[in-house]
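Visitor: Sequence:
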Amino acid sequence: MDGMYKVSVILPTYNRGNIIDKSIKSVIAQTYAEWELIIADDCSSDNSPEVCSKLARKDGRIRYYRNQKNLGLPRNRNVAISHATGDLILFTEDDMVIGEKCIEILVETYKLLTKKGLKVGSICPALVNSYVDSSKKRNLLNYAKQDNEEITSNSPCVIDEKTGLIYRNFSPEFKKLLLVEDCHSCSIYPHSLFDEFKYEENAYKGTYTGEESDLHFRIRKNGYKLYFQPEAVMYHNVEEQGGCRQPLYKWGYYFMRNHTVFLARNYGKKSIIMVPNYLFFLFRMMFNYYLRGRQ
56 MDGMYKVSVI LPTYNRGNII DKSIKSVIAQ TYAEWELIIA DDCSSDNSPE VCSKLARKDG
116 RIRYYRNQKN LGLPRNRNVA ISHATGDLIL FTEDDMVIGE KCIEILVETY KLLTKKGLKV
176 GSICPALVNS YVDSSKKRNL LNYAKQDNEE ITSNSPCVID EKTGLIYRNF SPEFKKLLLV
236 EDCHSCSIYP HSLFDEFKYE ENAYKGTYTG EESDLHFRIR KNGYKLYFQP EAVMYHNVEE
296 QGGCRQPLYK WGYYFMRNHT VFLARNYGKK SIIMVPNYLF FLFRMMFNYY LRGRQ
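Under our numbering, think of the first position of the sequence shown as 56, with each following residue one higher.
Calculated directly from the structure, the hints in this document are not laboratory data.
Straight-line C-alpha distance at most 27 angstroms; calculated DSSO-like pairs for lysine-lysine:
no.: 1; residue 1: Lys231; residue 2: Lys276
no.: 2; residue 1: Lys61; residue 2: Lys80
no.: 3; residue 1: Lys253; residue 2: Lys61
no.: 4; residue 1: Lys230; residue 2: Lys156
no.: 5; residue 1: Lys109; residue 2: Lys77
no.: 6; residue 1: Lys231; residue 2: Lys61
no.: 7; residue 1: Lys80; residue 2: Lys156
no.: 8; residue 1: Lys156; residue 2: Lys166
no.: 9; residue 1: Lys61; residue 2: Lys109
no.: 10; residue 1: Lys230; residue 2: Lys171
no.: 11; residue 1: Lys253; residue 2: Lys276
no.: 12; residue 1: Lys61; residue 2: Lys156
no.: 13; residue 1: Lys171; residue 2: Lys276
no.: 14; residue 1: Lys113; residue 2: Lys77
no.: 15; residue 1: Lys80; residue 2: Lys113
no.: 16; residue 1: Lys305; residue 2: Lys217
Work the whole structure out from these sequences, hints included.
Guide: Structure representation (structure tokens):
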């Protein structure tokens, strides 16, 4: 694959009509012009169709699709892939703003790696997180992240061998291209990869935690390499409503359920030991959180 690469940007969305225009406009503002944007609306009940259709009429590179029923995030991603015509596929989210040089940098990185003969499965950009309403931060989750900052101080992605938990810190502060064991969900892939792999549609439920890591583990097992490019940046403005957001008690249930499924699918017999280790860690973390009087 030589010359200009066409990038299919896939934007799954659900009930985010109040903010999705920012995500769409960040694609339009890219310094890299050879792209198409596929908006995959998972049967939103808000004003998403009006907002997306209006912006699509202004730029012929934008295509809007709306599912007739809610399919769930993994299946919605797979349906969107079937509409893609690009050489590369980049996923973004409806509460994400893409830095204006992000796609250009990711494409150039892909070219550099493939010219070296490397079997590239995915390249993920840096993520800069912020909360739209800081008073609604999920304090238990933030506590868990803060409690493990030391783990990710030297690597953007660390996998705990005992629990299978994946600690991520895809910060632009790392400065250089790195080989990683897992990427986040907003990564770029060769389109041809999805002739071999799909997102698992039935295994993960609710918040769909683990579905992107499941894909990445399968990719790595087949000899592909995953990379982190901190010079490309996306900005995640975390919303509390819409998308896959759940109340904390539901999030906790789906996190436990989905990670247990992830361990069984990816670690086989070893998961018999890892699941109890993981559950013990989780309950210990929750106990310490409440013991310290955090709300």
